[in-house]
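**Q** Residue numbers (UniProt numbering), protein chains in the order written: chain A, 1 to 426; chain B, 1 to 426.
In case anyone wonders, no lab produced these hints; they're calculated from the structure. Some clues are possibly wrong.
In silico BS3-like cross-links for lysine-lysine, where the CA-CA straight-line distance does not exceed 25 Å [unchecked claim]:
#1 A:Lys366 x A:Lys407
#2 B:Lys366 x B:Lys414
#3 A:Lys424 x B:Lys42
#4 A:Lys424 x B:Lys366
#5 A:Lys330 x A:Lys366
#6 A:Lys82 x A:Lys58
#7 A:Lys236 x B:Lys236
#8 A:Lys58 x A:Lys42
#9 A:Lys407 x A:Lys358
#10 A:Lys165 x B:Lys424
#11 A:Lys413 x A:Lys424
#12 B:Lys424 x A:Lys236
#13 B:Lys58 x B:Lys42
#14 B:Lys91 x B:Lys42
#15 B:Lys236 x B:Lys414
2 protein chains.
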Amino acid sequence: MALRIGMIGGGTVGGGVYDLLTRRVSSPLATVSKICVRDLTKPRSFTVDPQTCTMTDKIDDVLNDDTLNCVVEVMGGTGIAKDVVLRALGKGKHVVTANKALIAEHLPEIQAAISSAPGGPSFAYEAAVCGGIPIINTLQTCYEGDVVTSVMGICNGTTNFMLCKMEGGEDYGEVLKEAQDLGFAEADPTADVEGHDVRAKISILAKLAYGVTVPISAIPTKGISSVTSVDFEYAKSMGCTIKLIGTAARTSEHGEHDGPLSVYVAPKMVPITHVMGGIGGAGNAVAVTSENMGMAAYTGPGAGRYPTANSIVADVMRIARGNQGEAFPKSAELELSTDYESAFYIRISISDGLGIIKSVGACAEKSGVSISQILQNTISDREAVDFCVTTEVALLSQVKMMCEELKGLSFVKKEPSYMPIQEKPE
Amino acid sequence: MALRIGMIGGGTVGGGVYDLLTRRVSSPLATVSKICVRDLTKPRSFTVDPQTCTMTDKIDDVLNDDTLNCVVEVMGGTGIAKDVVLRALGKGKHVVTANKALIAEHLPEIQAAISSAPGGPSFAYEAAVCGGIPIINTLQTCYEGDVVTSVMGICNGTTNFMLCKMEGGEDYGEVLKEAQDLGFAEADPTADVEGHDVRAKISILAKLAYGVTVPISAIPTKGISSVTSVDFEYAKSMGCTIKLIGTAARTSEHGEHDGPLSVYVAPKMVPITHVMGGIGGAGNAVAVTSENMGMAAYTGPGAGRYPTANSIVADVMRIARGNQGEAFPKSAELELSTDYESAFYIRISISDGLGIIKSVGACAEKSGVSISQILQNTISDREAVDFCVTTEVALLSQVKMMCEELKGLSFVKKEPSYMPIQEKPE
């Protein structure tokens, strides 16, 4: 079916979509016929052919235009964008969006709108998670005969860029400023550095992998603002690096991955030999472990004009050719656990003295945590020593309890900091 | 459209397909109704439900059965299998195959059969390249608005397993025997170790990425049988490892990737920081570099019952849902070059003496090759010294000429061995 597209949003990504569809694809199957922007007088990074495409600043000019059968939403946000997407579906128009926050926060409403939409339009969102990596399509079409046991992703280029810089020795404050100067990080970087962006994305990946809607409020989320250069020193001595990772994994109640589903976001100690450990700069990666395949990993650019536009164009052309499948898998019943299990790394800041290990051991025992290793780098100041404990597999709640106990000890000078440790790949 | 499937072949992969479709997918959209095997009396690794599926040893029982609308070909080979595929298409049946050799060797005939097939059946072959990695679907659907500049793949698990073992210090002969004992390598390992398997696969990937049919006879192909432990020593000192890689890249005549297409197979020096350098064991990987995306890489299991069956099942379900696109892209005109360009590593075995570098330099100059580095590990026997030369970007023909020149020198004791060096990722 030839698509006549109304695009809402004419910024960086929108310009990329227009450019690729006109200059590269140039197919009668997909024409951008109307573009809605906030301010018609603002200079644009792309030139529209007035013979084939009109500009407007009224969303209704797109939504009420019955000659348009596809809406590409690249305005962002969860307010007006939600209205746009639901109304477009309500009019039976195909919708293509890059809006992960919208999908993560309003999944049930969007699913309801899709299933009641007249004519059964497609809803496609390849660009919403890991910009240029075709992970949505892959999870939609390649795992039907398989059982996914875990999905983990580096889904935020900004924080990966920052962590790579910190690994090189820079401080959190420095690299944040650098990321902002380069335009990677927003003036208000909260969504990136506190893990909210990753949380939205891992909830979408969990839906695709397990058929379960995971409310973002049920996802324990820790960002990178507490990561320090000391953590990178210990990471190095453990053969690891630190990555901000969204994880959605079945727990192993009976030795197999048959327990409740845990979805969480946290900076993780990742072995440098793990595919996730090698992702540099603003790159993204998703690793899917499944019964048929073992681990498969998909890596590529996570954001940027052309990677994101490329995924939107792929969605558009699949719809135009009638090859786009269902947006979401059949709903499954699966218990959710917010208390995930992992081996953990715990950094403890102390003033040095006698009897410390005994006291730490007592805190661990009381919390039901089994200690694996205790590491201490060279001490330069006995009043400010950071050492670390690694644990056997424990529950998040146990580790949090242990950190609370540790906080109460007289020689502990700061709130202890914890991170899960990623298992080595098989 | 509900598929009634006739499967030709009931071995490891066929059993996996039957198992996944009955046990996991269990959808009325896809039923294996008939299986053709060579020997009906042979014990099988899977049990067929006689209520829904009959076994036969006659291919015509499948091909002439008008109630079957899909043939899954998992018998392998390029003789009978070719006949099966062409006749099935001729009868308008969808075809799903894992047979890379068949596709690579008979692509024009298969394309002709697809385009003249009544009813426009699908032809799907996700399992033919890199078993469990969805690289076929990805190249078919994710790069339409993009321009691919290079595709490179570790597409043969057996040789990757062998090279990883050799990196650990074992000899070629030892690891070949080990691979054979483990069932990775055939009794006649030629197709794997001489690169013929990779050659078939890279010709298919080149077709998908560039729209060009590359006859396998036009693909310079070098296997791993000349790789030695000395090469791994030099690789290590260069921050590299050695991987058998199929490459299909546009050459850079004008500083952009706008020159002829080079497709070749060779063991390559690969930086360990490159995604290809980290692929262990029998793993596979494909890295696609394109104008929109930069580099994206897809890694996973390359072979085995369930990874391969999983890809076949994904094809089957896409066809059943009407979501399978065209098998091959529009044909493109693109000049082919069999004389690829790369920086090279050349290992030279000599008896040590004076004036060697001067003579080697003269050979390089005569061949138009510019030398980058000369490396020599610690010498234990002056009569049997291996040293290596790395070159600036040169043509294969120049490097071959240089090796011929070197062979004529009195102090050179063996045929010099060369390998292209993979550029570092950006």
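**Q** Compare the structure with each hint and give your call.
**A** Here's how the hints hold up against the structure:
no.	hint	verdict
1	A:Lys366 x A:Lys407	holds (14 Å)
2	B:Lys366 x B:Lys414	holds (20 Å)
3	A:Lys424 x B:Lys42	violated (40 Å)
4	A:Lys424 x B:Lys366	violated (50 Å)
5	A:Lys330 x A:Lys366	violated (43 Å)
6	A:Lys82 x A:Lys58	holds (16 Å)
7	A:Lys236 x B:Lys236	holds (21 Å)
8	A:Lys58 x A:Lys42	holds (15 Å)
9	A:Lys407 x A:Lys358	holds (15 Å)
10	A:Lys165 x B:Lys424	holds (19 Å)
11	A:Lys413 x A:Lys424	violated (32 Å)
12	B:Lys424 x A:Lys236	holds (23 Å)
13	B:Lys58 x B:Lys42	holds (15 Å)
14	B:Lys91 x B:Lys42	violated (30 Å)
15	B:Lys236 x B:Lys414	holds (22 Å)
Going down the numbered hints, you'll see the structure goes against 3, 4, 5, 11 and 14, while the others check out.
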